[in-house]
Amino acid sequence: SADEQGIIIDGPKKSLYPWIKDHDHSTQKEIADWLTMEIKDFVDYVSPSSDEIVTRNTVVNRLKTQIAKFWPGTEAHVFGSCATDLYLPGSDIDMVVISETGDYENRSRLYQLSSFLRSKKLAKNVEVIANAKVPIIKFVDPESEIHIDVSFERTNGIDAAKRIRKWLITTPGLRELVLIVKQFLRSRRLNNVHVGGLGGYATIIMCYHFLRLHPKVSTGSIDILDNLGVLLIEFFELYGRNFSYDNLIISLDPNTEEPRYLTKGTNAVLNTARSTFSIVIQDPADPRNNITRSSYNLRDLKKAFGGAYQLLVEKCYELNGASYKDRLGQSILGDIIRFKGKERDFNDD
Amino acid sequence: ANCKSKVKKRTYCRNCDTFSHGDENCPSIWRSYLTKPNNDQSDEESLVLPVTACYNCGSSDHYGDECPEPRSSRVPNLGTAFSGSNLPRKFRPLYFL
Ligand SMILES: [Zn+2]
Ligand SMILES: [Zn+2]
Numbered sequence: 029s030a031d032e033q034g035i036i037i038d039g040p041k042k043s044l045y046p047w048i049k050d051h052d053h054s055t056q057k058e059i060a061d062w063l064t065m066e067i068k069d070f071v072d073y074v075s076p077s078s079d080e081i082v083t084r085n086t087v088v089n090r091l092k093t094q095i096a097k098f099w100p101g102t103e104a105h106v107f108g109s110c111a112t113d114l115y116l117p118g119s120d121i122d123m124v125v126i127s128e129t130g131d132y133e134n135r136s137r138l139y140q141l142s143s144f145l146r147s148k149k150l151a152k153n154v155e156v157i158a159n160a161k162v163p164i165i166k167f168v169d170p171e172s173e174i175h176i177d178v179s180f181e182r183t184n185g186i187d188a189a190k191r192i193r194k195w196l197i198t199t200p201g202l203r204e205l206v207l208i209v210k211q212f213l214r215s216r217r218l219n220n221v222h223v224g225g226l227g228g229y230a231t232i233i234m235c236y237h238f239l240r241l242h243p244k245v246s247t248g249s250i251d252i253l254d255n256l257g258v259l260l261i262e263f264f265e266l267y268g269r270n271f272s273y274d275n276l277i278i279s280l281d282p283n284t285e286e287p288r289y290l291t292k293g294t295n296a297v298l299n300t301a302r303s304t305f306s307i308v309i310q311d312p313a314d315p316r317n318n319i320t321r322s323s324y325n326l327r328d329l330k331k332a333f334g335g336a337y338q339l340l341v342e343k344c345y346e347l348n349g350a351s352y353k354d355r356l357g358q359s360i361l362g363d364i365i366r367f368k369g370k371e372r373d374f375n376d377d
Numbered sequence: 103a104n105c106k107s108k109v110k111k112r113t114y115c116r117n118c119d120t121f122s123h124g125d126e127n128c129p130s131i132w133r134s135y136l137t138k139p140n141n142d143q144s145d146e147e148s149l150v151l152p153v154t155a156c157y158n159c160g161s162s163d164h165y166g167d168e169c170p171e172p173r174s175s176r177v178p179n180l181g182t183a184f185s186g187s188n189l190p191r192k193f194r195p196l197y198f199l
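Taken in order, these protein sequences are the chains called A and B. At the far end of the first sequence sits residue 377, using our numbering, and the numbering has no gaps. At the far end of the second sequence sits residue 199, using our numbering, and the numbering has no gaps.
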């Protein structure tokens with residue numbers, strides 16, 4: 029499209045940071061408060077509207093019902109960002125088929141289901157990926173155009189979703205931080221695990237671990253939701269500047285879920301990477317599993333986090349010294365996050 | 103757009119009483135927290151330090167800013183959130199014991 033080619037068309041220019049429209053905070057005395065409000069606006073902007081929620085539920089329920097009819101003795105579940113309400117516009121839906129017999133993860137079952145979905149007009153652009161470590165069917169829902177992945181017999185995603193939903197309840201503000209970091213990674217194309225990026229679960233654990241360990245949060249002296257601005261900068265400060273990726277593993281105590289670091293030297297089983305400069309996050313459900321084994325592109329990840337720290341801090345200094353006139357209409361987040369795609373309605377409810 | 107003088111002025115921050123940055127680049131501009139009202143109620147004797155962990159060596163006895171080990175990251179440390187001095191005042195004597 030013209031937009032993608034960077035051609036400027038007549039008429040109002042589409043804003044690259046549409047979340048600040050009609051939500052100006054430039055008169056905030058504290059820059060940190062301005063950033064906090066902008067984060068909340070961004071979250072409102074990307075949060076699903078009631079129509080989008082209905083659409084997703086309809087797609088999911090239709091698939092669940094049809095698969096259960098096609099294969100009695102199986103049940104289809106949703107996991108991933110769709111099950112935790114941590115999805116961004118355009119995120120795909122992850123589903124998994126669990127059977128009573130536990131033996132549906134095989135080539136013939138994958139093809140059976142894919143031709144059933146195609147014949148029932150429940151799927152288009154169907155792809156069967158049978159030879160992967162996690163065999164899946166990929167397709168697009170013809171009505172909503174939402175992308176869907178279906179895997180088989182793997183319960184770990186369902187367990188993770190349960191754990192995340194619990195954290196979201198006990199940690200107000202976690203959702204906001206996760207959504208910002210996810211969109212940041214997406215803007216930098218560092219969110220794809222197939223090319224070494226950081227996955228959703230890893231992002232969530234990093235945010236949760238950071239918040240639980242923060243001296244002001246852990247002592248109950250601040251509410252996360254009131255301090256999202258400074259906490260976002262400090263998240264980037266930790267993972268972009270100070271954390272020792274060379275020596276440490278990000279871990280939660282299996283009994284208390286308290287945040288802790290393990291040393292790579294004494295936990296060799298988790299050290300799947302060839303280089304010491306690699307990110308290792310212990311799976312809360314399986315102490316021998318490194319959930320970031322595919323995130324090999326730590327160099328760019330750390331650089332991106334460090335760069336975000338730098339950009340945000342410099343913007344804070346710049347705006348703090350600027351006149352009210354120069355502050356008007358400015359965005360702090362705009363330097364680290366771009367939101368492309370269809371313009372959305374604000375979700376102010 | 104600022105007029106850049108060729109003579110480099112020595113920077114000083116009146117806020118932090120330091121020469122490492124100027125007033126206009128002071129981290130306190132953004133590292134400011136909105137604290138909850140009256141959470142200084144609990145009596146000092148029942149104080150327990152929260153969970154700590156060091157981003158540099160992994161120890162659970164201190165935060166990274168107080169780590170005695172050589173720094174692992176090559177990015178310089180300008181002072182971070184993970185420091186005993188970022189604990190609420192009442193916890194500091196216990197932490198810096
Ligand atoms: Zn200062
Ligand atoms: Zn240490």
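If you're looking for bench data, these hints aren't it; they were derived computationally from the structure. Don't take every hint at face value.
Derived contacts from chain B toward chain A, CB cut-off under 10 Å, selection only [to be verified]: (1) Arg112; (2) Thr113; (3) Thr120; (4) Trp132; (5) Ser148; (6) Val153; (7) Ala155; (8) Ser161; (9) Pro170; (10) Val177; (11) Asn188; (12) Leu189; (13) Lys192; (14) Phe193; (15) Tyr197; (16) Leu199.
Straight-line distance between alpha carbons at most 25 Å, and here's what the computed DSS-like set of lysine-lysine pairs gives [as the list claims (entries may be wrong)]: (17) A/Lys194 with B/Lys138; (18) A/Lys331 with A/Lys57; (19) B/Lys138 with A/Lys57; (20) A/Lys92 with A/Lys149; (21) A/Lys166 with A/Lys92; (22) A/Lys57 with A/Lys343; (23) A/Lys331 with A/Lys370; (24) A/Lys68 with B/Lys138; (25) A/Lys92 with A/Lys148.
These numbers come from a predicted model, not from an experiment. Where is the CB? At the ideal position from N, CA and C, for every residue including glycine.
A quick look at each hint next to the structure:
Annotation: B/Arg112 was flagged as interfacial toward chain A, and the flag is violated, the nearest CB pair being 18 Å apart, outside 10 Å. Annotation: B/Thr113 was flagged as interfacial toward chain A, and the flag is violated, the nearest CB pair being 13 Å apart, outside 10 Å. Hint status for B/Thr120 relative to chain A: violated, with the closest Cβ pair at about 16 Å, above 10 Å. Because the closest C-beta pair between B/Trp132 and chain A is about 4 Å apart, less than 10 Å, the hint holds.
Contact between B/Ser148 and chain A, as hinted, is not supported at the beta carbon level, the nearest pair being about 13 Å apart and thus beyond 10 Å. Given hint, B/Val153 at the interface with chain A, holds; its Cβ is 5 Å from that chain's nearest Cβ, closer than 10 Å. Interface hint status for B/Ala155: upheld, as the beta-carbon distance to the closest one in chain A is roughly 5 Å, under 10 Å. At its closest, the beta carbon of B/Ser161 sits 8 Å from a beta carbon of chain A; the interface hint therefore holds under the 10 Å criterion.
For B/Pro170, the interface hint is violated, the least distance from its beta-carbon to any beta-carbon of chain A being 14 Å, above 10 Å. Evaluation of the B/Val177 hint against chain A yields a held restraint, the C-beta minimum of about 4 Å falling below 10 Å. Here the hint on B/Asn188 is kept, as its CB sits about 4 Å from the closest CB of chain A, short of 10 Å. Checking B/Leu189 against chain A by beta carbon gives a least distance of about 5 Å; that is within 10 Å, so the hint holds.
Hint status for B/Lys192 relative to chain A: holds, with the closest Cβ pair at about 9 Å, below 10 Å. Interface restraint check: B/Phe193 against chain A, minimum CB-CB distance 6 Å, threshold 10 Å, status holds. For B/Tyr197, the interface hint holds, since its Cβ comes within 10 Å of a Cβ in chain A; the closest pair sits about 9 Å apart. Hint status for B/Leu199: violated, given a least beta-carbon distance of 16 Å to chain A, over 10 Å.
A hinted pair counts as satisfied when its Cα atoms are at most 25 Å apart, and A/Lys194 with B/Lys138 qualifies at roughly 24 Å. Taken as a hint, the A/Lys331 and A/Lys57 pair is broken in the structure, with Cα atoms around 31 Å apart against an allowance of 25 Å. About 18 Å separates the Cα atoms of B/Lys138 and A/Lys57, which keeps this hinted pair within 25 Å; it holds. Restraint check for A/Lys92 and A/Lys149: satisfied, since their Cα atoms lie roughly 15 Å apart, inside the 25 Å limit.
Taking the CA atoms of A/Lys166 and A/Lys92, the gap is about 16 Å. The hint holds against a cut of 25 Å. Of the supplied pair hints, the one linking A/Lys57 and A/Lys343 holds, its CA atoms being roughly 15 Å apart against a limit of 25 Å. Distance hint between A/Lys331 and A/Lys370 is unfulfilled; the C-alpha atoms sit about 29 Å from each other, more than 25 Å. For the hint linking A/Lys68 to B/Lys138, the alpha-carbon distance of about 19 Å falls within 25 Å, and the restraint holds.
Between A/Lys92 and A/Lys148 the CA atoms are separated by roughly 14 Å; this keeps the pair inside 25 Å, and the hint holds.
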